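Based on the hints, put chain Z in the right spot on chain R.
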Amino acid sequence: MTETQGHYYVPEPSRYPIMVSGGIFLLALGFILKINSIAIGQWSMLAGFLLILYVLFGWFGTVIGESEGGRYHKWEDHSFRWGMVWFIASEVMFFAAFFGALFYVREFSVPSLLDTQSLWPGYAGAWPISGAGPGGKAFTPMGAWGIPAINTMILLTSGATVTWAHWGLLKNNRTQLIAGLFLTVALGISFLTLQAYEYHHAYTELGLTMGAGVYGATFFMLTGFHGFHVTLGTIMLIVILFRSMKGHFKPDSHFGFEGVAWYWHFVDVVWLLLFVLVYWL
Amino acid sequence: MTTATVSTHDDHHDHGHPSGIKRWLFTTNHKDIGTMYMIFALIMFLVGGMMIMGVRAELFQPGMQLMKPEFFNQLIGVHALIMIFAALMPVATGMANWLIPMMIGAPDMALPRLNNWSFWLLPPAATLLVMPFILALFGVGTGAVATGWTLYAPLSVQGGMGVDFAIFSIHLLGISSILASINVVVTILNMRAPGMTMMKMPLFVWAWLITAFLLIATIPVLAGAVTMLLTDRHFDTHFFDAAGGGDPILFQHLFWFFGHPEVYILLLPIWGFMPHILSAFARKPIYGHKAQVYSFWAIGIMSVIVWAHHFFTVGMPIPALLYFMYSTMAISLPLAVLFFCWIATIWRGSMTFETPMLFALGFVILFGIGGLTGLVLADVAADAQYHHSYFVVAHFHYTLFAGGIMGAMAGVYFWLPKFTGHMYDEKLGKTHFWLTAISFNLTFIPQFFLGLAGMPRRIPDYALQFTEFNMISSLGAFALGLSQLLFVYIIIKCARGGEKASDRVWEGAKGLEFTLPSPPPYHSFTTQPVVK
Chain R
766 MTETQGHYYV PEPSRYPIMV SGGIFLLALG FILKINSIAI GQWSMLAGFL
816 LILYVLFGWF GTVIGESEGG RYHKWEDHSF RWGMVWFIAS EVMFFAAFFG
866 ALFYVREFSV PSLLDTQSLW PGYAGAWPIS GAGPGGKAFT PMGAWGIPAI
916 NTMILLTSGA TVTWAHWGLL KNNRTQLIAG LFLTVALGIS FLTLQAYEYH
966 HAYTELGLTM GAGVYGATFF MLTGFHGFHV TLGTIMLIVI LFRSMKGHFK
1016 PDSHFGFEGV AWYWHFVDVV WLLLFVLVYW L
Chain Z
79 MTTATVSTHD DHHDHGHPSG IKRWLFTTNH KDIGTMYMIF ALIMFLVGGM
129 MIMGVRAELF QPGMQLMKPE FFNQLIGVHA LIMIFAALMP VATGMANWLI
179 PMMIGAPDMA LPRLNNWSFW LLPPAATLLV MPFILALFGV GTGAVATGWT
229 LYAPLSVQGG MGVDFAIFSI HLLGISSILA SINVVVTILN MRAPGMTMMK
279 MPLFVWAWLI TAFLLIATIP VLAGAVTMLL TDRHFDTHFF DAAGGGDPIL
329 FQHLFWFFGH PEVYILLLPI WGFMPHILSA FARKPIYGHK AQVYSFWAIG
379 IMSVIVWAHH FFTVGMPIPA LLYFMYSTMA ISLPLAVLFF CWIATIWRGS
429 MTFETPMLFA LGFVILFGIG GLTGLVLADV AADAQYHHSY FVVAHFHYTL
479 FAGGIMGAMA GVYFWLPKFT GHMYDEKLGK THFWLTAISF NLTFIPQFFL
529 GLAGMPRRIP DYALQFTEFN MISSLGAFAL GLSQLLFVYI IIKCARGGEK
579 ASDRVWEGAK GLEFTLPSPP PYHSFTTQPV VK
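Heads up: the protein sequence lines correspond to chains R and Z, in order.
Number 909 in this note's numbering belongs to position 144 of the first sequence; there are no gaps in the numbering.
Number 383 in this note's numbering belongs to position 305 of the second sequence; there are no gaps in the numbering.
Next up, chain R with everything else stripped away, as it sits in the complex:
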């Protein structure tokens, strides 16, 4: 940090940031119109999505090109690392909002509502709430020891496989790197498949929907945002897998790999909290 530094790479002007802002604007505007039943919304969303997709390929393509072209050195690498650390920190706080809401409803609002009056037949004021539900749509809470327990094993294993892949990269063992990443991607996809099945089960058999009181709300928002992050993580891992197969990354310089691995571990830790606080206790 304080040792004498060389030249810091300041990239050329880029058209991607403003384009992705435009894409996000169209996507958000379209979504607002759509949920308010204005028909052109979906076309705005589509245009925004395509623009974002284009920028993702273009921007990350540029960065990968710069990386492989040797534009980044230790100094830039430090910036990327710190950047990823603080990005993950902000993600932690995003989940903290939903865990905070879960804590609040479990500790305060659900028990206190028992004092006033019964919300619906079978409302016991205890967590997890169940029974007839708001609007008389009965629901059953999700158990912990079926699919969620299996999914816990899957994610924990995937944390191990991505570390094994990292060891392969450090030893310059390509086969181990690619095999480890492939296993991690496969485990990520298995997790998502099982979660999709679990959601289907919840909606069709348990009556457990987004509308199933605060239980349904916290359940689907927490597991849903986690699932969304697993999806992103899996896509990132797939990109890293392809880059590894193309011979990218060196034992002493592979921030792209490590950034994704950190993200994957973060998603893993969030799941452990989810398993304990949403499914189990």
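Honestly, the hints are just simulated from the structure, not real lab data.
A hint or two may mislead.
For the chain Z half of the interface with chain R, some residues (derived, Cβ under 8 Å), not all of them [said to hold, decoys possible]:
1. Gln143
2. Leu189
3. Leu250
4. Ile260
5. Asn268
6. Ala295
7. Ala303
8. Gly324
Everything numeric in this text was worked out from a predicted model, so none of it was measured.
Here a beta-carbon is modelled for each residue, glycine too, at the ideal position from N, C-alpha and C.
For chain Z alone, coordinates are given in the frame of chain R:
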């Protein structure tokens, strides 16, 4: 504080950066991006100001005069959102962009493309916020968000399409703030010149480091809260609905977990300006550099554990009230340290009173009033009476206009000659200060009394006995609004030309940025200076 040996920057290879509009759209240069932030902030400051002129016109006399109550509510809420997110935060970020790399001897911000993205998320966000006003003219929707900037449930759950626009506007503003904060933190941690240890960092840089930490910690919580609001509105969840086991007060907790630190997010960069300006015009070193750093830390940490003082009257258990009251009052300790450091810095200095110094001194006095009235509100028993009255409105305008905006103006006047290479018109600057300071007090002193007398905020009509003070307040507000046009004129005039500014600009100015020419070269420090 810092002496530097600057090697020549003759080798700054301008790799043909595009000119014209593309320079601004695609730029990765911290100065260009900082300029865009500040122009955007100035424009939105005027937009938000015009909205509140409408409100003050309505409140000039009792009775419904100019607009429907729904529109009045929309103007109030959007005024606040614009002033906070689209005026004050961007001007602070713009100053950070300009100054942090120069102050720590860096070539640029650490993540230049991300920096451009942070800025270019703002115009779409502002568009989303204001768009419902325009859509309503064409018969689409019922206008902008009409809940006040706090978006309290259940009102916001039941509100019209404007709430959805506000939610997504907040998402975009939030992404922008988080990305900008990540950039600031990374720049400070990784880009300092050799010899620039953390404790040698200028106080503005320190203040922004804490600001950025607070943004990273709290903006995602706001994002979570408005997301829950969105799903409560459209996707059948019951976070804020007691019929499903939820609670509207949960929204207030989540909102103010962000909202209270937000106050310090707005003010910390300004507190960072003060020691630079006060010491330059008192021609004395900054008093208590370390003490101020520790105070920033203390305020930053304490700001996230006091949020519930914003809704003392909502019905909390007594122990919770006591905790939030005492913790809130405790923040005045590190803040008092800052005040003493500012005063000790100018104590027995050989002071001159150029425009930045006038704004800085005005800041110290008026922000002091804002802080002291905050202590009154922090008292649970007193707050039971003052809550949701004009006393609160006056209090937070003393902190956020006199503290925030006037403090930002002090910083702008102080560094503008450095940015543009020209001195601004000193006579006009001083005129601007006195117009602003007098009309500001004319606007908000009456509001303290209105609040004490029981006038509630956010109501377009009022009882007859409040008429005179409301008239005075409205006249003050119109004068305050008009005075800001002078500010715009001064800035444009300074950007276009004027007396050439020296490298040091001010006789007493210190810091690495004053070792560079005025205006500084496109790439500040291509070769890093060595700080001794």
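Now for the hints, and whether the structure bears them out:
1. Gln143: Violated, because the Cβ-Cβ distance from Gln143(Z) to chain R comes to roughly 32 Å (cut-off 8 Å).
2. Leu189: 6 Å, holds
3. Leu250: Hint holds; Leu250(Z) Cβ to chain R Cβ min 7 Å, cut 8 Å.
4. Ile260: Since chain R brings a Cβ to about 5 Å from Ile260(Z), closer than 8 Å, the hint holds.
5. Asn268: Check passed: Cβ of Asn268(Z) comes within 5 Å of chain R, closer than 8 Å.
6. Ala295: Hint on Ala295(Z): holds, closest Cβ of chain R at ~5 Å, below 8 Å.
7. Ala303: 6 Å, holds
8. Gly324: 5 Å, holds
Of the hints listed earlier, the one the structure fails to meet is number 1.
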